[in-house]
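Engineer: Okay, here's what each chain looks like letter by letter:
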Amino acid sequence: MTHDVIFETVKRNVLAVLPDVEPGQISIDGKLSDLGANSVDRADVVTLTMEDLGVTIPITEFQDVSDLRSLVTVLEKHA
Amino acid sequence: MKPVVTGVGVVCSIASNVPAFEAALREGRCGIVQTPDLGDGGPRLAAPVTGFSFEDAVAALTTLPDELRHNALRTAHRSPDPLRIDLVAAMQAFESAGLHCAPVPADRIGLVVAGHNLNSGYVHDLRPAYDDNPARLPARFALHAMDTDRVGTLSQVLGVRGEGYTVGGASASGNVGIVNASHLLAADAADACLVVGPTTEMSPMEKHGLATLGAVAGAGEDEPDREMCRPFDADHDGFVPGQGAACLVLESERSAKSRGATVLAELAGYDLKLDANSLPDPNEDGEATVMASAMARAGVEPGEVDYVNAHATSTPQGDDVEVRALHRALGPEVGRPWVNSTKGLVGHCMCAAGVVEAVATVLQMRGGFVHPNLNLRRPIDDGCRFVGQVAEPADIACALSNSFGFGGFNSCIVLKRRSLG
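Same order as they appear, the protein sequences are chains A and B. Counting with the working numbering, you get residues 6 to 84 for the letters of the first sequence. Counting with the working numbering, you get residues 111 to 531 for the letters of the second sequence.
Simulated from the structure, these hints should not be mistaken for lab results. The structure displayed is predicted, hence computed values, not measured ones. For each residue, glycine too, the CB sits at the ideal point set by N, CA and C. Treat each hint with caution, since some may be false.
[As the list claims (entries may be wrong)] Facing chain A, a subset of chain B residues (Cβ under 8 Å, in silico):
| # | residue |
| --- | --- |
| 1 | Thr185 |
| 2 | Arg188 |
| 3 | Arg237 |
| 4 | Asn243 |
| 5 | Ala245 |
| 6 | Arg495 |
[Unchecked claim] Short derived list, chain A residues pointing at chain B, Cβ under 7 Å:
| # | residue |
| --- | --- |
| 7 | Thr52 |
| 8 | Asp57 |
| 9 | Leu58 |
| 10 | Thr65 |
[What the hints assert, rightly or not] Here are a few chain A residues that sit away from chain B, every Cβ distance over 12 Å (derived from the structure):
| # | residue |
| --- | --- |
| 11 | Glu13 |
| 12 | Lys16 |
| 13 | Val79 |
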């Protein structure tokens, strides 16, 4: 699965979890917390995206994720 | 000083707000419909909330500040509908009490969510996803599975920072919450307290279990009759589960006066007592005792009671025992007050029932009517003054509202009409 497809999936779930965010605000170098996401919102984005991509990744693998790029990288490794 | 009611809110099968609820009570509208057959011998009737849109319901609260409404949409964006229904009812009550424009200090507002086992249906519905792959559980699952998610979410939206928790007493939970809130006010631990009767989302297992106890109408039947919920009728055959939430704002009179809040009614008295009994069977002594002592605490004689909102779920044993207890508590005056059961219209809203019925009582008191006992054709008693199949005009200065619960919970509250002010 390509990096772009994964990023688009993440983006769709960010919009589902954060109703105030506009698509244009989401960039690969941005952070979920800068978009107003709290820790549970971030976990929601991750679980929804894992389900969409059909992958299961131990939650510990996300501990070093700091921005959307690093999130997509972890997902990409398993997709 | 007695606590007063300064705000009310409700969402149930027959109404999405308070004015619509009053109109539906007057009309005697019934929210009971047939439900799909799960093939487990469980209930085939229910009174569900239909057509609920959280966004539309929040948008309809036009006098609340935009920021509060936006906060509600944001905070409960991922919440299950039962919680959102509670939140809308609480926001309605908050608005009707004017807490947004003439506030009470945030740490002097309490929040009592009157119920327990509220999310079994939510947990049940996610079981297949968990069995398929545990990682499919939503990140918020642990939060949403807890009853106290209602407390946390409602407090965040409404900015409540005083004392708060869930309290429970099975089907008497609503009244247990009202009693608890009046304790908070009496102890001066709060100036105002929201009591939320929460949407109780049972799983099919619990509904089946209630059917096993013989408590549910039309369980397992192919084509159950929608009129099967008939409290106080000789053909009563069990209750119908209802979906809904309600909220009362109880407040000290001092606080209400200082804010210039409209007083809708006075909580003149109450009693809450256990039967020392773990079983589902009701107890005449226990029920008569709480009615009598609630009246005594309110300084009300049986001859001053104008209306009784009965617990009356439409089970033969429950209705029969309550009628006998009414005779005991009211004595020769038993034929004086009007008696009806809101459960005939909205079903049994389980933990929320007591608060839904307290709101119904306040509305009938202020609106000068008593709602029908829709399906009552052959009353089980000719001593009580049951309302018939249409609403009646009624001058209600003083009312009782009963709630009883499995496990020996007996409760009665006394509401008195108050002038505007």
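Engineer: With reference to the structure, classify each hint as holding or not holding.
Structural biologist: Right, here's what the structure says about each hint:
1. Thr185: It is violated, given that the least Cβ distance between threonine 185 of chain B and chain A is near 10 Å, above 8 Å.
2. Arg188: holds (6 Å)
3. Arg237: This interface hint is violated because 16 Å lies over the 8 Å limit.
4. Asn243: holds (6 Å)
5. Ala245: holds (4 Å)
6. Arg495: This hint is violated: arginine 495 of chain B lies away from chain A, its Cβ roughly 52 Å from the closest one there, beyond 8 Å.
7. Thr52: holds (5 Å)
8. Asp57: Since chain B brings no Cβ nearer than about 11 Å to aspartate 57 of chain A, farther than 7 Å, the hint is violated.
9. Leu58: The hint is violated - leucine 58 of chain A has no Cβ within 7 Å of chain B, the shortest such distance being about 11 Å.
10. Thr65: violated (13 Å)
11. Glu13: holds (20 Å)
12. Lys16: Holds: least Cβ distance 17 Å, greater than 12 Å.
13. Val79: The claim stands: valine 79 of chain A keeps its Cβ more than 12 Å from every Cβ of chain B (closest is about 14 Å).
In terms of the numbered hints stated before, the structure departs from hints 1, 3, 6, 8, 9, 10, listed from lowest to highest.
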